[in-house]
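I would like the entire structure built from these sequences, with the hints used as guidance.
Same order as they appear, the protein sequences are chains A, B and C.
Each residue of the first sequence is one higher than the last, beginning at 1 in our numbering.
Each residue of the second sequence is one higher than the last, beginning at 1 in our numbering.
Each residue of the third sequence is one higher than the last, beginning at 1 in our numbering.
These are calculated hints, taken from the structure and not from any lab test.
Where is the CB? At the ideal position from N, CA and C, for every residue including glycine.
Hints are not guaranteed to be accurate.
Stated by the list, open to error - Residues on chain A that point at chain C, a partial pick, calculated with CB under 7 Å:
1. His39
2. Thr47
3. Cys51
4. Tyr69
5. Gln76
6. Pro78
7. Val100
8. Val102
9. Gly107
10. Met114
11. Val167
12. Leu168
13. Arg177
14. Gln188
15. Ser213
As the list claims (entries may be wrong) - For lysine-lysine, the following DSSO-like pairs were computed, each having C-alpha atoms within a straight-line distance of at most 27 Å:
16. Lys252(A) - Lys275(A)
17. Lys501(C) - Lys72(A)
18. Lys80(B) - Lys129(B)
19. Lys530(C) - Lys68(A)
20. Lys431(C) - Lys72(A)
21. Lys349(C) - Lys72(A)
22. Lys38(B) - Lys530(C)
23. Lys72(A) - Lys291(C)
24. Lys68(A) - Lys349(C)
To be verified - Restraint-style ranges between C-beta atoms, simulated for each label pair:
25. Val142(C) - Asp322(A): 35 to 41 Å
26. Trp210(B) - Leu139(C): 27 to 33 Å
27. Lys72(A) - Leu139(C): 53 to 59 Å
28. Gly33(C) - Pro20(B): 24 to 30 Å
29. Gln78(C) - Tyr61(B): 35 to 41 Å
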Amino acid sequence: MLAQLIQDPAKAAAALSRAPKPELDAYGQLPKLASTFDHVDGLFYFTYAVCIFFFVLILGVLLFSVVKYRRKTFDQPPASNTTHNTPLEVVWTVIPLIIVMVMFAWGFKGCLDMTTVPQAASQNTYKATAMQWNWTFTYPNHPVKSSGAVWLEVDKPAQFLLESEDVLHAFYIPSMRVKRDVVPGRYQTVWFTPTQCGEFHLFCAEYCGEQHSQMYAKVHVVTAEEFAKAPWNTFDDSTPALAAKSGENIYKALCSACHTVNGQSVLAPSWGGDKGLFTKKDGNVVGRARQVVENGQAKTVVADEAYIRESIRMPLAKLAADFAAKANMNAFGPDKLSDRELNAVIEYMKSLAQ
Amino acid sequence: MSHDGHHSVVIPAPGPEFVPHTVAHHFDTPVQEFQSAKLGFWLFLATEILLFGGLFAAYFYYHDLYPETFRVGGQQLDWKLGAVNTSVLLLSSWTMAMGVRSAQTSQKQKTMLFCALTVLGAVIFMVIKFFEYKAKTEHGLFVFPHMFDNYQVDGSSNAGSLAWFTDVHNVMVDETGAPLLHGHLFFAIYVTMTAIHGLHVIIGAGLILWIMKGVAKGRFHAGYYLPVDLVGLYWHLVDLIWIFLFPLLYLVP
Amino acid sequence: MTTHAPILDTQKAKSEQPKNYLNCSSGFWSWAGTLDHKRIGIMYLIGTGLAFLAGGLFALLVRLHLWEPNGMLFTNDQYNEIFTLHGAFMVFLFVIPAIPGSLGNMILPLMLGAKDVALPRLNLLSFYLWVMGAVLAALAIVLGGFDTGWTFYAPYSLYTNKAVVTIGLGIFLLGFSSIFTGLNFIVTTHKLRAPGLTWFRMPLFVWALYATALLQVLATPVLGITVLLVAFERLYHIGIFDPRLGGDPVLFEHFFWFYSHPAVYIMVLPAFGIISELVSVHSRKPLFGYKLIAFSSLAIAIISFLVWGHHMFTSGQSTYAMFAFSFLTFFVAIPTAIKEFSWVATIWKGSIALNSPMLYTLAFLIIFAIGGLTGVILGALNVDLHLHDTYFVVAHFHYVMMGSIALAFFAGLHHWWPKMFGVMYNETLAKIACVTIFVGFNVTFLPQFEMGSQGMPRRYATYVPEFQPYHSASTVGAIILGSGVALMVSYLVASLFIGKKAMQNQWGGVTLDWLTPTPPPLENFAHAPKVTTEVYDYSTLDLKSTQTPIG
Ligand code: HEA
Ligand code: HEA
Ligand code: CUA
Ligand SMILES: [Cu+2]
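So this is what it looks like as structure tokens:
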């Protein structure tokens with residue numbers, strides 16, 4: 001693009017103007033998207049106006065002086081030698097003082113509103129778990145999680161409980177004007193009421209290492225009906241088929257970062273394909289034989305439910321032989337994957353058997 | 001005065017066993033030189049106190065978070081050895097003060113003697129410190145045995161058991177025998193603070209030895225004793241910091 | 001010191017060619033081992049100047065990389081190292097030591113009518129600590145770089161497998177370099193003032209350096225212990241900052257900002273000092289509100305110890321802490337506002353010479369108003385919850401650090417260049433460079449305010465495409481800015497070889513520094529100066545001794 005700019009500025013400018021416009025919130029151009037808007041934007045405009053006022057004042061005086069009092073002869077004395085003017089000095093101390101105290105009070109009031117969680121929000125509490133470099137969300141009153149995306153109901157106050165598994169992160173939804181650091185060892189919360197349906201960015205705003213800039217999640221603000229249909233919201237293990245479907249959702253949210261189901265074992269053993277976990281034998285689904293390493297010893301085991309449960313709860317116990325050297329799966333304890341969910345995942349794995 | 005030409009101000013020696021002192025070229029008077037150095041040194045001492053201030057802040061912060069850990073940790077230290085060390089340092093502060101006094105009155109032998117006694121105090125302090133560290137190591141509380149082991153922190157099961165501060169014999173427990181929350185923290189802070197303080201003791205002793213060399217050459221006398229004075233101040237600071245460390249670490253409130 | 005005597009003797013012998021501090025002796029050791037404050041100042045100038053160019057090069061790489069949403073040049077990892085290097089070089093190797101180390105060292109004793117700083121050996125030690133810090137920083141790059149951001153936030157700085165301990169040690173040494181410089185200036189100001197130079201006859205540059213020195217001495221030790229603790233944590237896992245061991249990463253933030261907020265005033269107060277001098281000299285008018293400016297420096301120094309929490313509004317402080325930190329943050333703006341207005345009032349009805357130092361000064365006044373006022377926006381609690389760690393903050397601190405401090409440094413450099421080297425640079429080129437820098441700077445950083453307020457987070461190697469127009473504009477600006485800087489460096493260096501000879505009192509100043517021969521001799525003054533007039537009293541100016549250019 002740099003080269004283009006030099007060769008054909010007109011075309012480059014056109015390309016720039018075609019670049020996606022900020023779908024988000026240029027100040028004052030889009031309708032308000034969340035309850036937190038009023039608190040932040042009002043004061044922002046006010047301070048902005050104050051800044052422009054003082055800036056123009058200073059610039060004006062400087063320009064005027066430079067033109068009017070320019071030294072024209074070598075020995076030109078100054079037009080005035082005044083070094084004090086007490087009323088003036090009082091004015092320019094007191095006026096800024098008053099202005100900044102207004103800003104302070106306004107900002108503090110807004111901050112209190114933004115940090116005091118109303119009842120309705122605390123009854124609708126999500127958990128956002130940050131780790132290098134992704135976000136996982138747990139929904140209020142639902143066993144399932146999602147990662148990389150979160151669904152919210154429009155006009156319903158929501159609270160997020162923030163926890164970090166490793167280093168500092170920050171939970172930042174610019175369109176909602178909320179930001180809070182996610183501190184390992186501490187729990188923090190934010191709340192807001194989204195007031196418009198749409199898709200919004202959730203950024204990690206605290207530097208957390210290599211992929212800090214890709215630690216991204218999409219925020220879907222949807223109507224109540226759509227909310228009920230959202231994939232994470234359909235956990236149902238009443239029949240094996242429904243359980244497998246729910247298991248697939250969990251797979252997509254939590255496991256698909258490493259595992260595939262198409263037989264390709266790049267980061268981790270694939271669950272499907274001709275080396276998958278299960279196979280069909282005489283119409284029954286049975287576990288395949290696996291080469292594993294236990295306490296440094298090579299072994300062959302059958303991938304039955306017990307083995308799989310162990311592989312998830314305690315991945316280091318038996319390592320898949322091909323991955324023994326680079327095994328990096330974290331344990332998924334009952335806090336992250338309940339027994340019901342785990343069974344649903346296994347149901348899904350079985351459904352992959354060929 | 002000496003601004004226009006380049007003739008230096010010289011302070012004569014009080015006797016044949018001493019040497020005269022030449023005031024640095026950019027000062028006009030000996031008083032100016034003395035006061036400048038003194039002011040500079042006080043400022044330096046202030047930075048030292050602030051440096052330790054950070055450590056004290058950390059101490060109070062974690063004492064507040066894990067009071068039990070600090071109480072039990074304090075009990076593991078031998079307060080008697082600490083008390084002995086405190087008296088040794090206090091005494092050495094007195095000998096140092098006497099050393100400065102003798103330098104101010106041009107008493108060469110006495111200055112040598114008192115400086116030597118102060119260094120002796122420093123040596124005793126460090127020897128006792130060594131045995132304390134050694135005892136703690138033998139109790140399996142920290143450092144030396146595991147120094148070069150791999151760092152292992154297992155978030156879930158065993159947080160706090162790490163190479164340098166492994167509590168091998170499980171002494172950091174509460175009344176019921178349950179392991180204390182972050183039992184290693186007390187010793188981590190104890191070692192950090194006392195080691196940095198110990199480093200200051202060693203530096204102080206080195207400075208006093210350097211002073212003794214100057215005294216032997218007759219450089220310090222009633223007309224010029226500035227370096228002795230400053231090193232004396234430094235030694236009192238080292239002492240002062242220990243006065244705070246002792247109750248905070250050995251007699252945990 | 002002993003080297004001085006023979007030199008002065010030879011001076012008498014060869015009186016036809018006056019000896020000054022530059023040509024009085026030569027050879028490597030006459031510089032490397034010098035105790036003369038002016039030579040140490042020159043060495044600082046070279047050192048910090050190179051650090052600025054290196055930091056600027058990293059900045060250009062940052063900007064080029066961000067030309068495209070997915071990043072044009074580097075992997076994420078490399079980008080993280082580069083912006084960290086940029087921040088660390090600029091802050092620790094350039095902006096903190098630059099003005100006190102070079103111009104301060106050079107001018108402070110001259111302004112006080114002293115022969116040297118009070119503790120010349122310590123001064124040389126300061127410089128070598130700086131050199132060692134720079135060497136360790138370079139070593140850290142060789143040993144694998146570091147990618148923690150200039151803030152070294154735990155626990156990331158404890159876990160990353162980069163050369164954090166090496167750079168930490170470097171910063172420790174740089175900290176002591178800064179402490180010793182400050183300590184030296186305090187003592188010098190107290191003890192070496194010329195007869196008649198009372199506190200309220202001291203030029204404001206001296207006042208500013210004095211207030212800075214207080215901060216250097218009182219705040220920097222905390223940085224020292226903080227980086228030591230990080231090093232210990234990495235080496236033997238104390239657990240003070242490591243949450244896995246019961247430590248609290250927020251404590252690290254408190255430690256870090258307890259130093260680093262006062263540090264921003266360590267950076268800016270000397271710049272204020274330069275601006276105070278320059279508005280007066282180039283308007284040929286006594287400073288408006290001299291005492292208020294002097295005291296406001298002290299007020300800023302004191303209040304700045306109490307506002308560090310405004311960098312941590314999102315870290316989950318208690319409401320009380322937020323209340324206090326926000327309140328005090330607004331308070332610190334008041335003494336600064338007093339300064340800004342007093343400078344403007346000094347220029348008002350002055351006799352204004354629009355030469356290059358004055359152009360830089362005007363640029364400073366304009367840019368600093370924006371930089372400071374956007375700081376005030378960030379001090380508002382709820383607004384900061386939105387803007388924290390976005391490009392709005394990046395733009396704010398570049399307006400104050402590059403746009404104000406670096407420009408004030410350039411202003412001072414142009415102002416005292418004739419005094420330091422006895423030569424004048426090319427004024428026309430200087431004016432062109434100043435305008436280029438001013439334009440390039442604003443093109444670089446104005447778009448960053450806008451994208452920051454729309455939510456573009458900082459320290460991002462890649463970004464969502466809707467921010468691309470702003471990033472591209474910013475990159476173009478950086479290129480303009482860079483060429484302005486390159487032009488400035490070239491004509492300044494060229495002037496050393498082909499510059500016209502400068503007057504003794506090039507601009508018509510009335511502080512003691514302009515009474516020395518140009519360039520000054522080893523012990524500065526031919527005759528011991530005595531001060532009998534008030535400060536900035538231009539009625540005493542001997543117009544014939546100056547060649548003050550017309551507007
Ligand atoms: C030299 C550098 C410097 C200076 C002088 C300042 C000056 C100020 N800064 Fe800035 N600041 C930084 C360097 C500096 N800052 C850096 C490096 C960071 C980011 C660090 C990081 O995270 O990496 C930062 C971040 C920062 C934050 C945190 C933002 C965040 O991360 O969330 C805040 C919040 O309060 C802040 C506030 C202020 C204020 C109120 C001033 C005030 O002192 C400004 C006072 C000046 C004026 C007010 C302008 C002049 C006056 C007038 C024109 C008259 C009219 C005035 C009024 C009506 C008030 N700064
Ligand atoms: C004094 C401090 C200072 C200065 C002067 C600058 C100057 C500049 N800075 Fe920087 N910056 C910081 C301090 C400073 N910065 C800090 C502290 C950070 C935060 C780091 C962190 O997050 O940890 C930061 C971060 C930062 C970022 C954000 C990175 C990110 O968050 O991802 C960006 C992006 O645009 C940037 C850009 C620039 C630019 C374009 C300049 C320009 O003004 C530079 C202009 C100078 C030049 C362009 C040099 C030109 C000359 C040459 C190239 C050499 C020619 C050679 C010869 C003639 C010999 N800086
Ligand atoms: Cu997670 Cu940045
Ligand atoms: Cu600050």
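Outcome of the hint check:
1. His39: At 5 Å from the nearest chain C Cβ, His39(A) passes the 7 Å test, so the hint holds.
2. Thr47: Constraint on Thr47(A) satisfied, holds at 5 Å.
3. Cys51: Constraint on Cys51(A) satisfied, holds at 4 Å.
4. Tyr69: holds, 5 Å
5. Gln76: Holds, because the Cβ-Cβ distance from Gln76(A) to chain C comes to roughly 5 Å (cut-off 7 Å).
6. Pro78: With a minimum Cβ separation of about 4 Å from chain C (threshold 7 Å), the hint on Pro78(A) holds.
7. Val100: Nearest chain C Cβ about 4 Å off; hint holds.
8. Val102: The hint is violated - Val102(A) has no Cβ within 7 Å of chain C, the shortest such distance being about 10 Å.
9. Gly107: Interface hint status for Gly107(A): holds (3 Å vs cutoff 7 Å).
10. Met114: OK, holds: Met114(A) within 7 Å of chain C, min 6 Å.
11. Val167: Holds - the Cβ of Val167(A) comes within 7 Å of chain C, reaching about 4 Å at its closest.
12. Leu168: Holds. Min distance 6 Å.
13. Arg177: Status holds, d = 5 Å.
14. Gln188: holds, 5 Å
15. Ser213: Check passed: Cβ of Ser213(A) comes within 4 Å of chain C, closer than 7 Å.
16. Lys252(A) - Lys275(A): holds, 20 Å
17. Lys501(C) - Lys72(A): Judged against 27 Å, a Cα distance of about 24 Å means the pair holds.
18. Lys80(B) - Lys129(B): With Cα atoms ~12 Å apart, Lys80(B) and Lys129(B) stay inside 27 Å; holds.
19. Lys530(C) - Lys68(A): violated, 37 Å
20. Lys431(C) - Lys72(A): holds, 18 Å
21. Lys349(C) - Lys72(A): holds, 13 Å
22. Lys38(B) - Lys530(C): This hinted pair holds, its Cα atoms lying about 26 Å apart.
23. Lys72(A) - Lys291(C): violated, 30 Å
24. Lys68(A) - Lys349(C): holds, 8 Å
25. Val142(C) - Asp322(A): 35 to 41 Å: With Cβ atoms ~37 Å apart, the hint holds.
26. Trp210(B) - Leu139(C): 27 to 33 Å: Holds: the Cβ-Cβ distance is about 30 Å, inside 27 to 33 Å.
27. Lys72(A) - Leu139(C): 53 to 59 Å: holds, 56 Å
28. Gly33(C) - Pro20(B): 24 to 30 Å: holds, 25 Å
29. Gln78(C) - Tyr61(B): 35 to 41 Å: holds, 37 Å
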